[in-house]
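**Student:** Combine both chains into one complex, guided by the hints.
This is what each chain is made of:
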Amino acid sequence: MVTDPVIPPLLEVRDLSIHYGDKAALSGVSFDIRQHEIFGIIGPANAGKTSFLRAINRMDDFVPGMRVGGQICFAGRDVATVRNLYALRRRIGVVFPLPVGLPLSIYDNVALSPRLRGVRRRAELDQIVERCLTRAALWDEVKDRLTSLGSLLSGGQQQRLTIARALSQEPDLLLLDEFSIAVDPVTTMRIEEVLKELRNELTIVLVTNLVQQARRLADRTAFFLGGRCVELDATEALFSNATQQQTIDYLGGRFG
Amino acid sequence: MSRPPVSSTPGVTGPRAAEAKSLDRRDRAWWFDFGARAAVFVGGMSAILFIAAIFVFIGTQGLDFAIHRLSWSEFLFGTHWEPTVEPPRYGALPLIAGTAWITVVAMLVSAPLAFGAAVYVAEFARGKQREWLKIFIELLAAIPSVVWGVIGLHVMKPIIQHVFDVQIGLNVLNAGVILGLMAAPIITTIAEDALKAVPDTYREAAEAMGATRWQVIYRVVLPHARPGLSAAVLLGIGRAFGETIAVLMASGHRLMIPHSVFDSAATITATIAAELGEAAKGSDHYQVLFVLGLLLFLITFVINLTADWIVRGGRRRA
Ligand SMILES: Nc1ncnc2c1ncn2[C@@H]1O[C@H](COP(=O)(O)OP(=O)(O)OP(=O)(O)O)[C@@H](O)[C@H]1O
Ligand SMILES: [Mg+2]
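Read top to bottom, the protein sequences are chains U and Z. Mapping the first sequence onto numbering that gives the first Met the number 0, position 217 (from 1) lands on 216, and the numbers just tick up by one. Mapping the second sequence onto numbering that gives the first Met the number 0, position 278 (from 1) lands on 277, and the numbers just tick up by one.
Isolated chain Z (complex conformation) (with noise of 0.2 Å):
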């Protein structure tokens, strides 16, 4: 097949060129536009860049233990944590079960409740009530992490052994309830930004058929905000893993793997925060604590990164 040329050829002058030139000259608007795009792709790699320095400083503070000294079939299998004693033992499965266990109930706990309350957000409530509501959302996802460690150990501490009839008190339960409540109101607050995301458009000509209210958020609505629902338990998670003090509270912390959730436990962080005071700079002790981080860090790397596939596989069939 023969294809008549482009007509433009170079050299052609009149006012044609001169339009042609036009769309070639990068005026002011475009410039800005450059310069803003450079910004912000400064501000974007920050973030890389902030990582890899929280990374470099966190690994070479325990480098030199975790090269030539520690065992890792120990640390990460050992189930004793016991880095004062004679001669010390660094098996931080205790730690690393117990940050689990903790964070699992602390879910159980504030998925349902969060979700419940994003959905009446976002779909029923209305005027007033909706912003009454989300004000006081907001206050609860305020409230500083120590008061609710003084819950955990004033009020669900006596709750709980009343109510189960156990001994112990500060347990991988009031850990988990205590975490739970503290990541629900970011959950609510991140869930229900999604739901209202999703165009009305939708909700019309769902509800237009005759769908039901609940047909229409479960059919329809959910679907449409799953990335973003996904976001709001992966940044729960988040707070509830890498919460420290409120933990140290309400587990007991003890420093052992724990069986049921009437055990206490001890976490990663709370570990971290309770013995960094006391191990002298530049020890062992120092060091495998920093090692503790790393883990901590790494495993904050991996759920992220599985949260992230979850969503783009969402969109992929979406």
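Isolated chain U (complex conformation) (with noise of 0.2 Å):
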């Protein structure tokens, strides 16, 4: 894949270091995201794959005791300093491995953050509503139970229900950590086209334990151990000739 150098990176991350307390969770990690690129991100239990998304759009501020250090920039704005937290956090739409129906129906789980943002027309609301569940590959399965409770459904519904509450917003940058957990295998190569349409429109981080996933979709694959980025590449040039001996352990399923 060749980058364009007149359009600049979606994310730049410089020397970013996570600590929970006195333990660090990620540290000296720096690359950029390009936009419309789908960034695979590796690596066994505790590398620092869901602190480092957690960082991305402050969620840190949520947890007593984190601490990020260095510098993310999203759309060249330091998110540290934004002034508008809230409008990065629309910008960016997280879906968590464990599934979050919010006790809303299946409609209002969907259409809470067009009307946060303040669309109101039904007719819109409706749109946006059948094109984020047809998009997460639910809107057959729910089409006719709009109104019954969100928490209500099954586990990998209520997943797939999460990623398109994410979608609804409209997001220019998508957080994906091991969103297939709880879905199952035929629903989740759908889902993987749909996130392959997806590139066109958004930037996607893509957090799994599937690397196989990760090579399906992904266009660069980064590789963390014990919070370090360890190495970072195209995604076939990564699975096919890595540099390091711990990546390539790992692919071979030798630790992890």
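By construction, these hints were calculated from the structure, which means they are not laboratory data. Quick caveat: nothing in here was measured; it's all calculated off a predicted structure. Take these hints with a grain of salt, some might be off.
Said to hold, decoys possible - Derived EDC-like pairs: lysine to aspartate or glutamate, alpha-carbon spacing no greater than 20 Å straight-line:
| id | chain 1 | residue 1 | chain 2 | residue 2 |
| --- | --- | --- | --- | --- |
| 1 | Z | 156 | Z | 262 |
| 2 | Z | 20 | U | 171 |
| 3 | U | 195 | U | 36 |
| 4 | Z | 280 | Z | 262 |
| 5 | Z | 20 | U | 77 |
| 6 | Z | 195 | Z | 137 |
| 7 | Z | 133 | Z | 192 |
| 8 | Z | 280 | Z | 85 |
| 9 | Z | 20 | U | 196 |
**Tutor:** Okay, here's the thing in structure tokens:
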């Protein structure tokens, strides 16, 4: 993949470090995430992948004791100093591994974010809800019960509802943390197809424990281990000839 | 290590610059949030204001006497409260001791009762039964304290005299039981909320391993709910501690240090209530009652801080 030097990166990470209390979860991470790429992050548990995603949309504000050092720039703007944090978060959609169906109807779950940004017209909301649910591969299953509670769906359905909700923000950046953990393989494939298409509209950071998923989707992939970014390369290059022994071991299934 | 500089340079134009600006633009939602936060901040701070104002009021009413004429060692350790005889004696120890005795008995009565009720309602009762129980508990909490006083006078008194074969039925035991029964519904309600706030996934995870209901409650639910349960007991103590009329009626109001639960006793609150009306405004007697109020205030403060400390300690370990 050739990058156009004229298009600046969407996310610039500079010497990022994350601590919980005195314990370091991530240190010395620096790279750019380009516009309209799917950026894969793989690595064993405890690698700091989730912590990284948290730092991007300032979720550290919620976690007592979590400190972020270094710099993350979103669209050229240091996220640590943005004056309207909520505007930043609205531009970044997040899906965490545990599905969270809010205790609202399915429809209201997906319409929440558009409503927050001021969409009032019913027709427009209907359209957004249908589009987002379809993209999350959930529309067919719930179109006849949009008024029932989102928190009563099955685990995998709630996960897709969470994805639909993230999409309804119409974000510039979508952070997916092991999104397929509770989703069956067939549905996972359908969502993966959608993600590939979404690349035209937005940028995706995909944290996954399924290395093959990163291989299928990501343009570039980073390998995290023990709080460091060990290696970062175009996905095929990383998978076919990684330069670091740790990466080779992990991809070969020899640890982690 | 040299790293490439971040690409944002001042003066960049184009769509990206507009995008970056939107992150700094404070829209209506931002300002609304700002206003709402300011409003609730004022609400929160007003609590401090009220406390300070009450403190100042109580403090200034008794200030002259407290500084110039009160012997603090007699006040805190003197065993005779005789404000109306000549010369007056202002030893508050009997009142402090009476309050402590009665509060302790009240807690011994209410805590087991309330925790039992809370665990039953939160963990075992289902459906209609649960609804009804909750309604009854809330009704119980709404019974006026003078009614409890009457129960102390006319129900508890003969029972105590009969069961324990003692002369005096209005005593520490009577007041403690009455206060304990009064505090129990409040403790139950708050404790039940704390138990209900424990996520069901925790119960499911433990029960799926074959833990018995009791094991789940004891090992998973109660530890998780501990801060809330401590708060419940704290509020119960506050209730027992500050109660006035019921305790005045049930305790016998004897101004001497009780030596067993069968002795009559007097509390700080009851003494203030009983004597403030007959003390001439501004007199030493009047002022010493405000000093008593200050003492009550300080003790409550210490109890609250201690409980807060316990609760925070629990969170740290959790
Ligand atoms: N809220 C928290 N408080 C304290 N430490 C935390 C917290 N969240 C994460 N950590 C610590 O940070 C380190 C990295 O955790 P993180 O969740 O980022 O790993 P991960 O790469 O996402 O792992 P996994 O693949 O298991 O999800 C771990 O050592 C973890 O214990
Ligand atoms: Mg993780």
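**Student:** To test your reading of the hints: which numbers does this structure violate?
**Tutor:** 4 and 9
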